[in-house]
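Chemist: Chains as they are written, first to last, in my numbering: chain D, 30 to 210; chain F, 77 to 500.
None of these hints come from the bench; they were simulated from the model.
Check before you lean on any hint, since a few could be wrong.
Claimed, not checked - In silico EDC-like links for lysine to aspartate or glutamate, alpha-carbon gap of 20 Å or less: (1) D:Lys107 with D:Asp195; (2) D:Lys174 with F:Asp265; (3) D:Lys144 with F:Glu486.
Single-letter residue listing:
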Amino acid sequence: MQRTRKTIITMIIVFGVCIMPGISGCGNMKSEKIDALKNEGYAIEQVDENSILITEDGTEYYFKSGITKPVFEKAVVKMPSKKTNAKPGQEVEITIAKENMGRMTVVYTSPCNLKDAAGNETVQSESMIFKFKKDFTRENLTNNKGFADIGGNYDYFTSTYMTAEDLSAVYNRGLELAEIF
Amino acid sequence: MSKFYVVPEKLTKEALALKSAAGELKKLSSSIDSIRSSISLSGGSAQTIKESLGSIIEQMNANHKSTTAMQKALGNIAFNYAGTEKRIALTMGYGYGYGYGDGYGYGDGYGYGSGDGTGEDAGNTGTSEDEDLANMMAQYGFTEEDAQAIADAYEAFSNSDKYKDLSNKEKISLFFSNMASLYSEYSSDKTVFAMMGNNPSPDEAVQFFNDLNVDGDALKDIVSRQHQSCDSTEGLRDFAHECAMYSVMSNDGAWKFLGGAFDNIDALVGFKGDVYQTMTSSDMESDIAAVNIYNRMLNCDDGDIYGAFMDYNRGVADGSINPSLEFLEYYGDGDAEKGMEAVTDIISDQSLGTFYISGVGPWQYGGYGFYGTAPYSYSNYGGYDAYNGYNGYDLYDGYDSENRIENNREMFLNHLSEESGVSR
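Hey, can you work out the whole structure from these sequences and the hints?
Modeler: This is the structure:
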């Protein structure tokens, strides 16, 4: 009985000391720290109570609350669409997200101009998703297993927008930036 | 005069005007060249004159260069006009007979030739084969040679004693599984196509066409090149993707039969799979076309499956076929509105199949399926926040999975609705 009580007390302590801070936002960024980083030259802003944005060379790096400090969540890169029939100003958005267990996800979203039966043009959004383990090489794509040609899509993406090296550079910069918190 | 003649006529006038301009420039260029040559040839005996006229010669040389450049540019434009005009003419059943002369060999190979084109009256020599090639060029982006190579491959296949007695379904399975497998990702190199389409390896596919006395390696290059070009150009259908769908749809193998216990495999290889994985505009167009073409090929009375394929392309080109409407009518047994409901249900129905390809399982939405039925349906999910709750925390699919699938789903259903006029 006493042993059970001890176990329960230990669990409460562990929960209170280790898990609650993460859930309750102890890993959130303090506004003084954000101001200090601004003074150091970082283009940093609080997006909401759980999210921080740093913009660097046009790339947006997002950080979310961690257990003890903010952690890198994703980077968003925007660049002009290179589709042959893209309209001026149309941009693609590339999101490079950090996943659990050393995995990464890249989502490519592009506007596409479609016509209905009457010939009226509508702008829709098409996307491709690439999931990786370890690095951004084609060999480490993990979602190329269904009917869709994810490998071929990735070849197009890397030859048109960002190479595996470019993706790694942005991703690693996101991890580096997380160290400033 | 039919309205369909308006565009070709306009193009004819513009093309003829360009031809005339190019001719004038050619004459001017020749004159300059002739003067330049005369002066140069006068050489030593007229050295003094040449020196004194140096600046003039320079100027004339510059003029010659710019004239030649203009000539080339105009020739290029004219060539492109001619190609477009030909395509429009063929697509509209107008016939290709504008008589631009004997080729495009003018100048440096960019211009018109010295034809005696007399406009539309010289024409109407277009054949259905020409029209089919034009449609393959317009709808898939093939070059004329590439489109011809594919047509030749089918002709060799259909003329082969070995295959002529096959049923429509067997023909579709054999021809298109080999055609799809020329592209590695749709061949047995990928387990899902080995199991669900019984597709051969790329080498076996090349050999299949070589055995028909068709250059299998050249076809492989054509199919792969077209497939890769689709991602960068909207409005083009994806030929290899469509072939892969035909191969799976026509397969009656045991693995597909077993897979059918978990999901609609024919939908999964097409629109449903793309919704849960990656949906581009060319995927979407091909997903719709492939269902329509497959049904036409399967049911064609004369056994000419490629002819049924070409008939469909022709109908799309002349506007007599509304792809989305035909697609919805198929799924609604003739009733497009029911078809819209059926397609929506097929997409919304999560299964082990969708989990396998996307990593999103029903249990991640509380066990009620992706959009399920009321009160957990998509339209009512505002009061049931499991859908929104796990953004970014999914162990399987990772970042933004539900938004992406939702986006693909909306894009596909909206397109069906807009093109067919059937409300959702």
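Chemist: Each hint: holds or not?
Modeler: Hint check results:
no. : hint                   : in the structure
1   : D:Lys107 with D:Asp195 : holds (13 Å)
2   : D:Lys174 with F:Asp265 : holds (11 Å)
3   : D:Lys144 with F:Glu486 : holds (16 Å)
Against the hints set out earlier in the document, no violation occurs for any number.
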